[in-house]
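Asker: Residue-level listing of the chains:
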Amino acid sequence: MRFFPQLETHTAGQYPLTRERHERVVRYESLDGRMRTFYDGQAGRVRWALRYDGLTDGERAAIDALYQECEGRLQTFIFLDPAANLLRWSEDYTQGAWTVDPLMMQEQGWDDPWGMTRGTRIANTGIAPQRVAQTITASGQHQYCLSAYVGGMGQFRLRIDAGGFLAERTFTSQSAWNRYSVSFRPGSDAEQVTFSLYLEPGQSVKVSGMQADAQPAPGGYRRTNSRSGVYLNARFAEDELTWVQQAPNHNAAEILIESRPF
Amino acid sequence: MQEFPRLKTGAVAQYPARRATRYSTQVMRFVDGSEQRFREFSGPLRRWVIELSTLDEEEMDALEAFFLSEQGGHGTFTFVDPWDESEYEECSLEDPSAFFQFTGFNDGRTRLVVRQNR
Chain A
1 MRFFPQLETH
11 TAGQYPLTRE
21 RHERVVRYES
31 LDGRMRTFYD
41 GQAGRVRWAL
51 RYDGLTDGER
61 AAIDALYQEC
71 EGRLQTFIFL
81 DPAANLLRWS
91 EDYTQGAWTV
101 DPLMMQEQGW
111 DDPWGMTRGT
121 RIANTGIAPQ
131 RVAQTITASG
141 QHQYCLSAYV
151 GGMGQFRLRI
161 DAGGFLAERT
171 FTSQSAWNRY
181 SVSFRPGSDA
191 EQVTFSLYLE
201 PGQSVKVSGM
211 QADAQPAPGG
221 YRRTNSRSGV
231 YLNARFAEDE
241 LTWVQQAPNH
251 NAAEILIESR
261 PF
Chain B
263 MQEFPRLKTG
273 AVAQYPARRA
283 TRYSTQVMRF
293 VDGSEQRFRE
303 FSGPLRRWVI
313 ELSTLDEEEM
323 DALEAFFLSE
333 QGGHGTFTFV
343 DPWDESEYEE
353 CSLEDPSAFF
363 QFTGFNDGRT
373 RLVVRQNR
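Same order as they appear, the protein sequences are chains A and B.
Going by the working numbering, the first residue of the first sequence is number 1, and it counts up by one from there.
Going by the working numbering, the first residue of the second sequence is number 263, and it counts up by one from there.
Hints in this document: simulated from the structure, not taken from any laboratory.
All of these numbers come straight from a predicted model, not from anything done at the bench.
Among the clues, some could well be false.
Stated by the list, open to error - Distance ranges between label pairs, derived from CB positions:
no., chain 1, residue 1, chain 2, residue 2, range
1, A, A217, B, E351, 36 to 44 Å
2, B, Q276, A, Q95, 34 to 42 Å
3, B, T365, A, Q108, 32 to 40 Å
4, A, R179, B, T316, 42 to 50 Å
5, B, P267, A, M35, 16 to 24 Å
6, B, R284, A, E71, 45 to 53 Å
7, B, A279, A, L166, 50 to 58 Å
8, B, R301, A, D111, 51 to 59 Å
9, A, S226, B, D346, 35 to 43 Å
C-beta: ideal position from N, C-alpha, C; glycine also.
Let's have the full structure, built from the sequences with the hints guiding it.
Answerer: Here it is as structure tokens:
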């Protein structure tokens, strides 16, 4: 699999970063101003404009290598949106995207950090650690950060693992909602990364807003449903890639990437 | 029916705010120079250009989620006119494309055009 590389700062993008959404809607407007619209659900596109500046020769070479491997717009690669949550259904752990161990009980409709009722109370009713986990297709060479809002009194672990390499942190939640995170760069050749929240036997906490970012620290929380920031069939949007070298080891380019939104 | 998202300040729009009022008039000109005019719309239609900047990530996220749930310009929603707080029920996004630009940390920018339908 081909992956869009991270920079040496362990992020994929620099500011300014633009994401465009293009939907296709057919419209008929009558003389009297009435409108009829038809939505073409399969025609949507997402496009990113990544404006890079001050890239080292190594960073430039990594992007160039992917560009050559893809032969411009021809082949696809996996792109992790630098401004998106990589997990699907960030507040609904009953969805199929999540792996929930059998003795982990879930109860929805609890309070959440935003004053709503989108929190889920989870409880480990077994005698071994139980987890809520989601696996994404992503490079084991990249940097990730898993974060979650947790409330209630209890002990839990956040874990990132890929290809046998793992990092985890144990937290003790107090009653108030707080955001907890763990950051890790597996450094393995794995093509899948798993993000988990573990509960020890007898423990119970409220959880909401689980998020994975491909960077060292958590970004602002972004609620997701069936779509996440993992794009499995992204492409370069242009057949020409121009680099500007402003000084030794100081390269700049604007890279356009596009994908269907699912 | 959905409502156009408000910013954390409670506002819908920022300055400079743009609002247009649209009529449709058919004009028939005769050989003698006189003309007859017909009203095609039963009333005016409004259009607002919402240009937003310095948005934090949650506000950007809410606007992008709104754009997706509206399926570009297909869906309709209720829009509260930021000029006079009047409520317009049958509104839609004019453009099936939108950009969401992150110019810095918690510094997002976007532009959406809302049109009133009949």
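Asker: Hint by hint, which ones does the structure fall short of?
Answerer: Hint check: 4 fails alone, others pass.
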